[in-house]
Structure formats: structure tokens, C-alpha cells
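Read off the chains here:
There are 2 protein chains.
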Amino acid sequence: MKHLIIYTHFNSNSFTKAITNKLVNEATSKGHEIKIIDLYAENFDPVLKASDMSPDIETPKDILAYQKLIKWADHYTVVYPLWWGQMPAILKGFIDRVFSNGVAFKYGEKGPEGLLKGRTARVIICTGSPDAYYTQSGMHDAQVRVNDAGLFGFCGIETKITFFGDVAMGTDELRKGYLEQVASLVP
Amino acid sequence: MKHLIIYTHFNSNSFTKAITNKLVNEATSKGHEIKIIDLYAENFDPVLKASDMSPDIETPKDILAYQKLIKWADHYTVVYPLWWGQMPAILKGFIDRVFSNGVAFKYGEKGPEGLLKGRTARVIICTGSPDAYYTQSGMHDAQVRVNDAGLFGFCGIETKITFFGDVAMGTDELRKGYLEQVASLVP
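Chains as they are written, first to last, in my numbering: chain D, 1 to 187; chain P, 1 to 187.
I should point out that these hints are in silico values taken from the structure, not numbers from a laboratory. Treat the hints with care, since some could be wrong.
Because identical chains share one entry, a pair is satisfied inside a single copy or across any pair of copies.
[Claimed, not checked] For lysine-lysine, the following DSS-like pairs were computed, each having C-alpha atoms within a straight-line distance of at most 25 Å:
1) Lys117 to Lys22
2) Lys176 to Lys106
3) Lys49 to Lys110
4) Lys30 to Lys110
5) Lys49 to Lys17
6) Lys49 to Lys22
7) Lys110 to Lys61
8) Lys106 to Lys30
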């Protein structure tokens with residue numbers, strides 16, 4: 001399995017990073033071929049530009065390389081912290097710039113068509129507050145809609161979403177339990 | 001009324017820009033004191049950094065100036081195009097960096113408390129596809145949750161959200177109708 005991990009956090013001591021390290025270990029032990037995109041370390045520029053949308057201007061080399069990775073993978077794991085009920089800006093901009101028309105989807109006669117069909121994704125979202133806050137306010141549901149119908153599902157990717165709640169203020173035991181759960185999230 | 005308009009688009013010929021121009025005209029004719037944040041023109045850096053979160057490092061001058069504007073306003077109008085069912089990265093990062101702990105909210109004894117109470121916001125979201133796509137897939141609802149419970153409402157701001165659908169492929173008449181509707185969105 002060609003497994004692309006897209007990891008987003010500025011803090012290498014974050015729980016998001018611990019989850020990612022565990023993911024890499026599990027996927028390695030399962031024999032996956034792994035590639036990792038570390039958006040902060042790679043200093044990704046997330047601002048979609050007019051030039052990104054112009055058919056007359058060549059796609060920048062870094063964006064082309066990321067698009068090649070997206071097409072290379074059979075499976076994606078996307079790991080990020082929820083900030084303001086949404087993904088971090090650097091990850092949002094990665095989607096805006098890399099998942100472009102003709103790469104991730106196209107408009108055909110029957111409307112939009114996903115170009116990443118046959119692939120699967122696991123989205124792991126770490127949240128600072130307990131799950132109850134996000135379920136009662138509809139924020140978990142919003143993340144499911146946005147990631148599936150709005151984004152990966154739109155591109156034809158079969159998508160599953162996992163929330164790890166209360167990672168900031170919860171107990172060490174809670175976090176340990178999440179880390180143990182990671183094995184079950186690696187296909 | 002002190003009215004802060006936060007506008008996001010890279011294309012000054014976009015419908016999002018036309019809406020913003022109309023907003024400025026209407027607010028001017030109603031006697032508002034207006035300030036505009038044009039995130040693309042101001043070349044805003046949307047990537048939240050470890051230094052933004054450190055109590056030992058001074059807040060950058062541009063972020064301080066934006067925070068001053070946020071506190072200055074009685075009313076916000078936030079205008080953006082929906083990309084991948086979410087706000088553009090440059091706007092997401094504006095929230096991540098400017099709406100910080102101690103400015104937009106704080107954690108008190110009773111949990112989080114909005115520090116922008118008494119203010120109002122109108123969020124205007126321009127979408128490329130017709131409304132039906134977003135209502136059936138739950139994407140409109142997700143934007144309402146994310147903007148209200150997740151973001152402006154969390155800061156204590158009374159928030160209303162308007163969708164202008166099908167702005168890319170719809171008719172000139174449709175867009176003209178939306179522009180006429182803007183007057184009713186200015187308090």
C-alpha cells in the first residue's frame with residue numbers, strides 16, 4: 001500500500017505529532033510504502049493565487065510535486081488539530097492549491113467527477129475540548145460534512161473520520177488510549 | 001456605527017469584490033464609520049506560528065494592528081468565497097492569528113468567555129454551485145455551525161449568515177438580485 005501521511009502542526013511536541021509518529025510506526029510494521037508531507041517543516045505557502053487558476057501560467061514546481069504525491073498514493077492519512085472548528089490555514093491552503101481542477105476532480109457532462117477514485121482516506125482530528133462540546137454544537141458533524149462531501153469524498157476518495165477529543169486538558173491515560181487506538185486506524 | 005469589513009478574494013473582478021463594493025456604498029450612505037481589511041491586498045501571512053502562542057514573544061505589529069481593529073468595531077461584515085466547503089486559507093489564518101486568547105476570548109472559571117460581546121456580524125458567503133448542492137449535502141449547515149458556534153458566536157458576537165449561491169455559473173439577473181439584496185444586510 002502506498003500511504004501518504006499529511007501532517008499539520010508547528011509544535012513537534014504536540015499530541016498531533018505523537019499520533020503521526022505512531023502512525024508511521026504502525027504503517028511501517030504493516031509493510032506500507034510511506035511518504036510524509038509535513039506542511040510546517042516544508043514551509044508550505046497556503047495562499048491561493050490568481051496565477052494558480054490561470055491556464056496560461058505554469059503550475060509551480062512545489063505544487064506539481066505535491067500533486068504527484070497525491071496521485072501516487074492509494075491511501076491518505078490526514079492528521080491535524082482543530083482550530084476554530086476548522087483545519088489549520090496551512091492545510092486549508094494545501095487543499096486550495098494542490099487539489100486543483102484536472103488533478104483531484106473535473107467537470108464532465110454529468111457535473112463534477114472525482115479523479116481520485118479507488119483511494120481511501122482516514123482523517124484524524126485532535127480537539128482541545130471534550131467531545132461533548134463538539135457533538136452538542138454540531139461541530140463534529142460539520143467536520144464530517146466538510147471533509148467528506150466537501151473535500152475528499154468530492155474527489156472520489158472513500159473517507160473515514162476519527163476525533164480524538166480533550167487532548168489538551170485530558171489525562172495522560174486518555175492520550176495513551178488514543179495512541180493505542182492508532183493501530184486500528186491503519187489499513 | 002463602527003463597521004469593519006473583512007474581504008477575501010485575489011480577483012478584483014470577482015463577484016465577492018462586487019458585493020464588497022456595494023457594501024461599502026450602502027454602509028457609507030447609512031453614515032457608518034468604515035474600515036476595510038483586504039487580506040490579499042495586505043499580503044496577510046496566515047500561518048499560525050509557535051511564536052504567536054508564546055507568552056514570552058511580543059505579538060507582531062501587524063497582528064496588534066488587526067486586533068485593535070477587531071476591538072474598535074461594533075459590527076463586522078465578513079465576505080468570502082466558499083472553497084472546498086470552507087473559507088479561504090488566508091481568512092482562516094487571519095482568525096487563527098488575530099482572534100487570540102485574551103483578545104477574542106478567555107478561559108474563566110466557568111469555561112470559555114467571549115470578549116467581543118455586544119458586537120454583531122454578518123457573514124456573506126459566495127458559492128460557485130447552486131444552493132441545493134450545499135443544503136442537501138449539509139454544507140450550508142456546516143458553515144453556519146463553524147461560523148457561529150465555532151467562531152464568531154464563540155467570541156460573543158451575534159452572528160447572521162447569508163449565502164449567495166451559483167454566483168459562478170448563474171445568470172446576470174441572479175447576481176444583480178444579490179447585489180440589490182446587500183442593502184438589507186447592512187444594519
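Of the hints stated earlier, which fail here?
-> 1, 2, 3, 4, 7 and 8
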